[in-house]
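Colleague: Each protein sequence line maps, in turn, to chains A and B.
According to the working numbering, the first sequence holds residues 1 to 157 in order.
According to the working numbering, the second sequence holds residues 158 to 880 in order.
Calculated from the structure, these hints are not laboratory results.
Fair warning: there could be bad hints in the mix.
Said to hold, decoys possible - One-sided and incomplete, this derived list gives chain B residues near chain A with beta-carbon spacing under 10 angstroms:
no., residue
1, Arg159
2, Ile216
3, Leu217
4, Glu219
5, Ala268
6, Asp524
7, Gln526
8, Leu681
9, Ile695
10, Gln777
11, Leu778
To be verified - Restraint-style ranges between C-beta atoms, simulated for each label pair:
no., chain 1, residue 1, chain 2, residue 2, range
12, B, Gln732, A, Ala23, 56 to 62 angstroms
13, B, Asp375, A, Arg81, 43 to 49 angstroms
14, A, Val140, B, Gly807, 28 to 34 angstroms
15, A, Arg81, B, Thr210, 19 to 25 angstroms
16, B, Trp546, A, Lys19, 37 to 43 angstroms
17, A, Lys19, B, Thr864, 27 to 33 angstroms
Built from N, CA and C at the ideal position, the CB exists for glycine as well.
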Amino acid sequence: MPSEEISSTASSELPREIKALLASQHLAVLATHHQGQPHASLVAFAASPDGRNLLFATTRTSRKFANLQADPRAALLIDSRGQAAADFHEAMALSAKGPVREVAGTERESLAAVFLAKHPHLREFVGAPSCALLALQVQVYELASRFQQVLMYRFLP
Amino acid sequence: MRYLLPLSQISPSSGPQVGGKGLALARLAREGFPVPRTFCLPVHVYHLYAEATGLRERILMELNRKDFQQMRWEEIWDAALRIRNMFLTTPLPAAMAAALAADVQECFGDAAVVVRSSAPGEDSARASFAGLHESYVNIQGGEAIVQHIVLVWASLWSDAALLYRQELNLDVAASAMAVVIQELVAGECSGVAFSRSPHDETQAVIEAVYGLNQGLVDGVVEPDRWLIDRQSRRLTHMPPSARSAAYAPAAGGVVLQSLAAPQTDQPPLSTEQVWEIYDFVQRAEAVWQSPQDMEWTIHEGRVYLLQSRPITTIAVENTDQRPWYLSLRRSFENLKALRAKIEGELLPAMRAEADARQGQDLADLTDTQLAAAIRERQEAVQHWTAVYWRDFIPFAHGMRLFGQLYNDVMRPADPYEFMTLLAGAPLASLERNRRLAALAAQVREDPALTALLQSGDWTSLPPAFQGQLMDFLNTYGDLSCPVGGGQCQQGPQAILRLILEMAAHPPRPLSPPAEAAALTQAFLQRLTGTKRQEAAEILDLAQASYRLRDDDNLYLGRLEALLAAAVAAARQRLQQRGLELPAQTPAAEIARALEDPHYTPPPETQPDSAADPLQVQARQLLGQPAGPGLAQGPARVIRAFDDLADFRHGDILVCDAVDPNMTFVVPLAAGVVERRGGMLIHGAIIAREYGLPCVTGVPDATRLIHTGDTITVDGYLGLVILH
Numbered sequence: 001m002p003s004e005e006i007s008s009t010a011s012s013e014l015p016r017e018i019k020a021l022l023a024s025q026h027l028a029v030l031a032t033h034h035q036g037q038p039h040a041s042l043v044a045f046a047a048s049p050d051g052r053n054l055l056f057a058t059t060r061t062s063r064k065f066a067n068l069q070a071d072p073r074a075a076l077l078i079d080s081r082g083q084a085a086a087d088f089h090e091a092m093a094l095s096a097k098g099p100v101r102e103v104a105g106t107e108r109e110s111l112a113a114v115f116l117a118k119h120p121h122l123r124e125f126v127g128a129p130s131c132a133l134l135a136l137q138v139q140v141y142e143l144a145s146r147f148q149q150v151l152m153y154r155f156l157p
Numbered sequence: 158m159r160y161l162l163p164l165s166q167i168s169p170s171s172g173p174q175v176g177g178k179g180l181a182l183a184r185l186a187r188e189g190f191p192v193p194r195t196f197c198l199p200v201h202v203y204h205l206y207a208e209a210t211g212l213r214e215r216i217l218m219e220l221n222r223k224d225f226q227q228m229r230w231e232e233i234w235d236a237a238l239r240i241r242n243m244f245l246t247t248p249l250p251a252a253m254a255a256a257l258a259a260d261v262q263e264c265f266g267d268a269a270v271v272v273r274s275s276a277p278g279e280d281s282a283r284a285s286f287a288g289l290h291e292s293y294v295n296i297q298g299g300e301a302i303v304q305h306i307v308l309v310w311a312s313l314w315s316d317a318a319l320l321y322r323q324e325l326n327l328d329v330a331a332s333a334m335a336v337v338i339q340e341l342v343a344g345e346c347s348g349v350a351f352s353r354s355p356h357d358e359t360q361a362v363i364e365a366v367y368g369l370n371q372g373l374v375d376g377v378v379e380p381d382r383w384l385i386d387r388q389s390r391r392l393t394h395m396p397p398s399a400r401s402a403a404y405a406p407a408a409g410g411v412v413l414q415s416l417a418a419p420q421t422d423q424p425p426l427s428t429e430q431v432w433e434i435y436d437f438v439q440r441a442e443a444v445w446q447s448p449q450d451m452e453w454t455i456h457e458g459r460v461y462l463l464q465s466r467p468i469t470t471i472a473v474e475n476t477d478q479r480p481w482y483l484s485l486r487r488s489f490e491n492l493k494a495l496r497a498k499i500e501g502e503l504l505p506a507m508r509a510e511a512d513a514r515q516g517q518d519l520a521d522l523t524d525t526q527l528a529a530a531i532r533e534r535q536e537a538v539q540h541w542t543a544v545y546w547r548d549f550i551p552f553a554h555g556m557r558l559f560g561q562l563y564n565d566v567m568r569p570a571d572p573y574e575f576m577t578l579l580a581g582a583p584l585a586s587l588e589r590n591r592r593l594a595a596l597a598a599q600v601r602e603d604p605a606l607t608a609l610l611q612s613g614d615w616t617s618l619p620p621a622f623q624g625q626l627m628d629f630l631n632t633y634g635d636l637s638c639p640v641g642g643g644q645c646q647q648g649p650q651a652i653l654r655l656i657l658e659m660a661a662h663p664p665r666p667l668s669p670p671a672e673a674a675a676l677t678q679a680f681l682q683r684l685t686g687t688k689r690q691e692a693a694e695i696l697d698l699a700q701a702s703y704r705l706r707d708d709d710n711l712y713l714g715r716l717e718a719l720l721a722a723a724v725a726a727a728r729q730r731l732q733q734r735g736l737e738l739p740a741q742t743p744a745a746e747i748a749r750a751l752e753d754p755h756y757t758p759p760p761e762t763q764p765d766s767a768a769d770p771l772q773v774q775a776r777q778l779l780g781q782p783a784g785p786g787l788a789q790g791p792a793r794v795i796r797a798f799d800d801l802a803d804f805r806h807g808d809i810l811v812c813d814a815v816d817p818n819m820t821f822v823v824p825l826a827a828g829v830v831e832r833r834g835g836m837l838i839h840g841a842i843i844a845r846e847y848g849l850p851c852v853t854g855v856p857d858a859t860r861l862i863h864t865g866d867t868i869t870v871d872g873y874l875g876l877v878i879l880h
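Isolated chain A, as found in the complex (with noise of 0.2 angstroms):
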């Protein structure tokens, strides 16, 4: 049987499609429980330049922070939907899972960094000492696009 062309190949990289949304996107949606009760909340948030660490911050008396106080383990949905028909066949879903911790001392300085180059405009949210800033450690990427198509990013420890 003569053979036709070959498929793709892979790479060690992240794919464009995963930078392209950490880049393009500013909110997710974060996931986080209390006792089994999911609860889902809006976060800005900004990608490490590696895109292994999704930073945002909240301050310390949110629900969202109480539940990861509980329980570290949540996820974050970053989307390129723009609420049209269109979306069906060119948004793109991407659920980051991992723990969450809270960064801090010379680490937060240089992560805060990064998080207020793509938002400025929360210098003094993050600044308050109220104001935590939370890193989501990412274990698995899993990108949905076509509409159907699901694969999964695994970073090796």
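For chain A, the structure is supplied; the task is to place chain B on it using the hints.
Modeller: Relative to chain A, chain B alone:
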């Protein structure tokens, strides 16, 4: 009137709304050229329809299932067929349909018309879509005309149009179409006129045929041709080899009729008429100030101009690939001739070539002779592979031609229902499977025979069973070779293992042919007279095309097996000399090593695989639904032919492409997943025959799915889910 525009209301700035053809006709009319009564349905009506019915997003979702660049042409054809069926099964909103039919009735009454495409951007000097979109000739009455408008809109998304637009870097998503509706002038003769020949600017060309000009445009009827030297006005007439046929209007379409004397002996145009048409095309060139290509017809001595467009080839030189895209659509006549060639000439020659070599005893050959035999057999494989691409692959259009006809007539919910009418043909690989199933049935019912097979002592099998087994071996090979018909092991172990596995489970029957008979009857009853006859002929052609899709591979497989046998013999001799060569050593290298004792083929270098910190895993993969149903089971990924040996009942076959030489495992499979895309590829055909869920066109299927993964094949939606 609500939707239709008369030519008088079209201005030079209407291009984006009425398309190139509508604009040119309006200009011809304005300049006083004789144009048949014509109205234009602007682009915004297409948009109204596509928006109101949700069709726009459905089309884009269909096209976006896969990266267009990664789609094989067959997959693009599949997508185009599905999109066409969306149009066929999506009527205009009732109020819109009524208003449009009323418009049409008001403009044309009961007169027959031609419904033509007029996409914006087409027929410009840069891009000519001539022939890529559909036209429908001799359509009558409001309702029928509205139906054909929808078909013309659908042709915006044909495979050829999609590919051509891609080639020209046009935005596929922004495509839209205007439609030109023109009263049919049933000319006694028709043709085209070029104010300058695409090959020689100093000459004008006029071509003419009897009857309508469909035959000329499709290349079915050979025209009379006149060359006119524009400077000296010297006229040269070049008659065709024969004037034998002409297209005439007939019941809702056109029909090819044979010509009789005196027409067969006379050119369709008098010299005066040639000059009359020449004057028209010169005037058109003057109006547009660019070389023009016109279509015309003559009815009762009067010339009518049907359209005018700039000549593409002069502006773009030789970069126009349109002929190639047009060749994607083959006419019934063309396919009939191809069938005759394949069945009468190519397949017998291929068989004869294999038969002639089958008798050759390789053991008698000297090393030099064996090396020559390898080269010769490789040349044979290369030659027939080229023939396969040139003639056999295009013959698959037989199925497509029928599919389109069936969908037009039946408008089925499933765009691939037509495949049911083709199934049940005596495919060579299914016959092989039937004989295997018969052997397995004997084993299933006979515990003593089962025990005997399990013990591996196949020499003491009952003579009757052994006879059938040897007969199978001699006809189909021992199923242990990566090519058909070969015997690569000493003895039938591979077959016996397979038979035992089949016997351990209930048989898998082929889909019943009863449904096919009922569908065929329903289809043919929908048509009358010559149309029914034509449809039956196209169905017959499609069935031949379907059979060949399978059988040609097996014939090619025989030649490949002969090459493999010669290579195996050579390897054995080299081994005796102490030279072990890796499995992937090319045949030519082996032949060279055989002739030249001092030559050792260079080892192949393996690419290093660097450690990958990011692990890619598929969760849900998108392909095309190629066989309905849902199945879950362990994946058996076939990367090399030897992987088939481990195939177990209930496994899901995951492979690059189901090769006809490996279909013997399909009756054991719970489902089929293929990287290669298409509904009409071998794997999809066989899966359908067994009623198995099948998904094709999954990019990287054999890389992202691993043997042992639990997977679900969703043959309804074209998904593969990894658990």
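Colleague: Now tell me, hint by hint, if it's right for this structure.
Modeller: Here is how each hint holds up against the structure:
no.: 1; hint: Arg159; in the structure: violated, 26 angstroms
no.: 2; hint: Ile216; in the structure: holds, 9 angstroms
no.: 3; hint: Leu217; in the structure: holds, 4 angstroms
no.: 4; hint: Glu219; in the structure: holds, 8 angstroms
no.: 5; hint: Ala268; in the structure: violated, 39 angstroms
no.: 6; hint: Asp524; in the structure: violated, 30 angstroms
no.: 7; hint: Gln526; in the structure: violated, 28 angstroms
no.: 8; hint: Leu681; in the structure: violated, 35 angstroms
no.: 9; hint: Ile695; in the structure: violated, 27 angstroms
no.: 10; hint: Gln777; in the structure: holds, 4 angstroms
no.: 11; hint: Leu778; in the structure: holds, 6 angstroms
no.: 12; hint: B/Gln732 / A/Ala23: 56 to 62 angstroms; in the structure: holds, 59 angstroms
no.: 13; hint: B/Asp375 / A/Arg81: 43 to 49 angstroms; in the structure: holds, 46 angstroms
no.: 14; hint: A/Val140 / B/Gly807: 28 to 34 angstroms; in the structure: holds, 30 angstroms
no.: 15; hint: A/Arg81 / B/Thr210: 19 to 25 angstroms; in the structure: holds, 23 angstroms
no.: 16; hint: B/Trp546 / A/Lys19: 37 to 43 angstroms; in the structure: holds, 40 angstroms
no.: 17; hint: A/Lys19 / B/Thr864: 27 to 33 angstroms; in the structure: holds, 32 angstroms
In terms of the numbered hints stated before, the structure departs from hints 1, 5, 6, 7, 8 and 9, listed from lowest to highest.
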